Amino acid sequence: MARIRYRDPFVARLFDDIAQLVTDDTGDAASIEARLSELGRTNSPAVADYVRRMPHGAGVPDSAFKVDPPYYFPDEPPVRTFRTSGTTGQTRGAASYSARGMQLMEASILRQARSQITGGLDAPIFLRLVPPESRAPEMVMAYGMERIVSALGHPELSACVIDARGIDYALLSARLDLAVRDALPVVLIGGSFAFVNVCEELEARGLRWSLPRGSRVVDAGGFKGRARGIDVAGLRALLHRSLGVSPAACLNLFGMTELASQLYDAADSALGPLGERPKGRSTFVWPQVRDAYDLQLRTHGSGLLEVVDLCILDRPHRILTGDRGIASAHGVAIAGRIERGQSRGCSLTLDAITSQEAHD
Amino acid sequence: MTELHAISWLPPWAAQRELALEHFRVDGPRPYPCARPTLAAWGELAAGLAQAQELLLATPIATIIAAIDQVSRRWTDRSYALRRSAVTAVAEATGFSSEAVERSFDVELRNYRADSLVRTLERELGDPAVLDGFVPDRRLAGHTHAIGPKITLVILTGNVPGLPALSIVRALLLKSAVIAKVASGEPTFAAYFARSLSEALPVLGDVLTVSYWRRDETAVLDAALGVSDAVIAYGSDEACASVRARLRSDQRYVEHGHKLSLGLISRDYLRELGVDEVARRIALDVSTFNQHACIAPQAYLVEDHGGSARELAAATARALAQYAGECSLGTLAEADAAALQLRRASAAWEAATQPSAELWHAPGLDWTLQLSARLLPLAAAGNRDLRVVGCSDLSDAIAHITPIGRHLQNVAVGARGAALFDAARALARIGACRISEPGQMAEPSMIWRHDGELCLARLVRFCDIEMHRFVV
Chain A
1 MARIRYRDPF
11 VARLFDDIAQ
21 LVTDDTGDAA
31 SIEARLSELG
41 RTNSPAVADY
51 VRRMPHGAGV
61 PDSAFKVDPP
71 YYFPDEPPVR
81 TFRTSGTTGQ
91 TRGAASYSAR
101 GMQLMEASIL
111 RQARSQITGG
121 LDAPIFLRLV
131 PPESRAPEMV
141 MAYGMERIVS
151 ALGHPELSAC
161 VIDARGIDYA
171 LLSARLDLAV
181 RDALPVVLIG
191 GSFAFVNVCE
201 ELEARGLRWS
211 LPRGSRVVDA
221 GGFKGRARGI
231 DVAGLRALLH
241 RSLGVSPAAC
251 LNLFGMTELA
261 SQLYDAADSA
271 LGPLGERPKG
281 RSTFVWPQVR
291 DAYDLQLRTH
301 GSGLLEVVDL
311 CILDRPHRIL
321 TGDRGIASAH
331 GVAIAGRIER
341 GQSRGCSLTL
351 DAITSQEAHD
Chain B
361 MTELHAISWL
371 PPWAAQRELA
381 LEHFRVDGPR
391 PYPCARPTLA
401 AWGELAAGLA
411 QAQELLLATP
421 IATIIAAIDQ
431 VSRRWTDRSY
441 ALRRSAVTAV
451 AEATGFSSEA
461 VERSFDVELR
471 NYRADSLVRT
481 LERELGDPAV
491 LDGFVPDRRL
501 AGHTHAIGPK
511 ITLVILTGNV
521 PGLPALSIVR
531 ALLLKSAVIA
541 KVASGEPTFA
551 AYFARSLSEA
561 LPVLGDVLTV
571 SYWRRDETAV
581 LDAALGVSDA
591 VIAYGSDEAC
601 ASVRARLRSD
611 QRYVEHGHKL
621 SLGLISRDYL
631 RELGVDEVAR
641 RIALDVSTFN
651 QHACIAPQAY
661 LVEDHGGSAR
671 ELAAATARAL
681 AQYAGECSLG
691 TLAEADAAAL
701 QLRRASAAWE
711 AATQPSAELW
721 HAPGLDWTLQ
731 LSARLLPLAA
741 AGNRDLRVVG
751 CSDLSDAIAH
761 ITPIGRHLQN
771 VAVGARGAAL
781 FDAARALARI
791 GACRISEPGQ
801 MAEPSMIWRH
811 DGELCLARLV
821 RFCDIEMHRF
831 VV
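Line by line, the protein sequences give chains A and B.
Numbering of the first sequence is given in my numbering, commencing with residue 1 and proceeding in unit increments.
Numbering of the second sequence is given in my numbering, commencing with residue 361 and proceeding in unit increments.
If we strip away everything but chain A, and leave its shape as in the complex, we get (with noise of 0.2 Å):
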């Protein structure tokens, strides 16, 4: 079959129907995914190949992105990389966009940003524990935050508090202040452990603040693989200390860089073993969960987390995480990586090798 091109009609209509998906959720989901899925077996025979060899349709791995990333349109060189963080000595991950991709990207950001973080706020104070794009631009988080900033945020008092040198607790407690004597609301937003660090910093110092009615937390990623042990009720429970906001106007939201959209808590309940709240599904972006033993899907219990994401247009749009999901009629809550490789009594495993030697 002929590769599709970026500027045929297919792609074009596929832009139109997910974009208009994105903004008002009208549109056939089945027939965006089938079409998404055709182009990729059309345009990549690695896809179509991977397709073959996996059962049950499930997505490809995470680290697919490493070596030889996949993307569709070789008419059209991206716009724009993304690059995972990786460990040092270990290859990074890419994720490139085409110009449609990024208006995708975008507009998911937006929409969701719009519902899930700054319902009911207008222009609040956004405080970001995320570098600035400037400063990192590989990041897709610090892309992704920047976009809803600029959308959304207070246009003056919004701030990165973070620089080179670590968090900029001076300007931090600047705006904090402000906002309290003006009764702005303040989104707080980074990384979950980024928040744990702040936390008991400005507890050291003997700050603390009761921030005004609106201010929320969003922090992203989880607890799993840190040497201290703290859960969603640690982190709330620190945030409530340091900062005034209740547990309940604290949200968590899954990203990574091989997705366009983002997964956020849909409910306000434990589900994964450190508390982790079930991530909800939007008609564009949603998790599940494939059984460990047949790659089958599941509507409860645990697996593997796979992602499928209609706002990725350059690329797979379906994506095993390598993280372990548990699915609720409530959703998926993310537990944590799944470990490929694990040593057993004297037997160690290559990866493990590798791990311990990238980290020495």
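Hint data in this document are derived by calculation from the structure and do not stem from the laboratory.
This one's a predicted model, so the numbers in the text were calculated from it and none came from an experiment.
Ideal placement from N, C-alpha and C gives every residue a C-beta, glycine not left out.
Here are some of the chain A residues that sit facing chain B, going by a computed Cβ distance under 7 Å:
| no. | residue |
| --- | --- |
| 1 | Y50 |
| 2 | R53 |
| 3 | D68 |
| 4 | L304 |
| 5 | I338 |
| 6 | R340 |
Assemble chain B onto chain A, guided by the hints.
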């Protein structure tokens, strides 16, 4: 064995001495009943073990060898009642299929026949009778006597069914009492083995204690260490390091930390034995112990000429399938199954994007084989998941391995003559401590210097009589 003590073995005299015990259940999906001395009672346990060990010291080594030989013979009989019970218990604990446990026991427990024990002692100590008293030593022009530890603490691993027998037997051969701490992953075998030793020679049961404590119960570990003269520890590098850090300077110590194993196949070997036979041997190496042992290969590197690596990989896939047809893997824990699915997905992507790569696997999870141009990174983690890597020649294969040489243990070298010895020399220099033929990786003899060490000699103290006019 009472239900109360299910995974523990307490010497029969413990009840008469009214040893204070705590009874508990092991944390985890199967809460096995277990007993151990209370924290205050470890000294009393040690006193009882030391008293029993005096009797063992007076027992000729030949008698001990004969008893262990009898135990080995019983355990290599698949109808032996204790073995039957142990197979069921170990299969339930590990998820191995019953046949996989049977084959593990077959391989592991035939090592303790008298001939093997005698040759082991001869290789490490010279004359086995050196454990009974002073014996002439011609090189010394005097006499020598080997004294083993009074009590040896053995920290066991659960990754290989039957493997706990090895450390227990080593300590008993040195006439040492044994405190064995079982692993949570497979805590059941050691108590069955202890019972069979006691049945063969009661004093062996009198010098044995098998129990369990969690890794974070350091007070119990310290209590056990406090009464021990020597320690044998299996486990992760971190676990071994934490034991090592608690040792007294006078304690003798042998540890078996993390290791990994690989295989090499030369073009000539492949031609001489034929693809199907080499594939059968590789499948045997990979499938035995479900590839959980440190001696099991995680990858085979193959001299690739005209597609021979791909041809051998395809044949090995068939051989793995045939082996699984006779002896299935068993049931994986969900985390292991998820990890395997991710590894397969990564391998499927590599096969879809790299012409030199391919993936074969069972319809279920029984086996997985990836052909790749790269050895690293490799996320293999047992459960019959092998990578075959094509190389230009054996030197190239060794170049692939060199960066991870310090972790190397067992290497199968499919080669002969100068090529075999050249490869063996290079492998020895980068870290290997055992070279065998493909198909023999899972069957190291007890005589092998495990991890390149003298595992018995390091635990004994010798006393020599020399420069004495009345002793020559």
